[in-house]
Amino acid sequence: NGYFDEALIQTEKYIDQYTGEEIAPKFELLKATLIGKIQGYEAYKDALNYVALNYPNQPEGKQAEKIYSQDLPKFVADEASDRWKLAYSFASNEEDLAKDFVEEVKEHLEEMAYGNLKVSIDYYNPELRLVMVHGLRSKLGARGLGGRLSEERKGSKLKPIKRTGFEISSPNYEKVLIHKNLEEYLNQ
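For the sequence shown, this note's numbering assigns the number 480 to the initial residue and increments by one for each residue that follows.
Think of the hints as simulated: they come from the structure by calculation, not from any bench. It is possible that some hints are incorrect.
Below are the DSSO-like pairs computed for lysine-lysine, each with C-alpha atoms no more than 27 Å apart in a straight line [to be verified]:
| id | residue 1 | residue 2 |
| --- | --- | --- |
| 1 | LYS578 | LYS654 |
| 2 | LYS638 | LYS585 |
| 3 | LYS585 | LYS618 |
| 4 | LYS659 | LYS545 |
| 5 | LYS659 | LYS541 |
Just so we're clear, the structure is a prediction, and the values are computed from it rather than from any experiment.
Construct the entire structure; sequences and hints are all you get.
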């Protein structure tokens, strides 16, 4: 549900409570993942390294080492992607507005017979949430959908969506979520 800050607080409490027990490395790996979600790539790398160094013989330490050495370097942009998303930004204090927006977009998609597309609210950082339309096959398709959502359609009883979105490939979206560099992506 995007409550990463609260989950991190609880995880740290459990780490303190279960220090030295078999479950502690599991909480440490969860903590690393939460830190990555909240603080981004560099903090994620440091947290994974901590788990790998402090629990080298535990499955979680080995998993952290694998993620650190093999999986993290794979987060690279793939401009030739056939998986795209349409994204809309909302401040974290606009949660109710974002939820209403999701329902509005779903209504538009249903009316336009795009029922195979999914809509979600994704956590970006403590200040920003992204409403994402998933399942698009091209950059032009994502851009075209954004245009159709914002224009009056003949016979439609729905109001055009006034908020401006942006298209992003799934590989780039993964990169942006890890590196927390949405501004840099948007300024390209």
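Here is what the structure says about each hint:
1. LYS578 <-> LYS654: With a Cα-Cα distance of about 25 Å, the restraint between LYS578 and LYS654 holds, given a limit of 27 Å.
2. LYS638 <-> LYS585: Holds - the C-alpha atoms of LYS585 and LYS638 are around 13 Å apart, at most 27 Å.
3. LYS585 <-> LYS618: holds, 20 Å
4. LYS659 <-> LYS545: holds, 22 Å
5. LYS659 <-> LYS541: Status holds; Cα separation ~26 Å.
In summary, the structure agrees with every hint in the numbered list given earlier.
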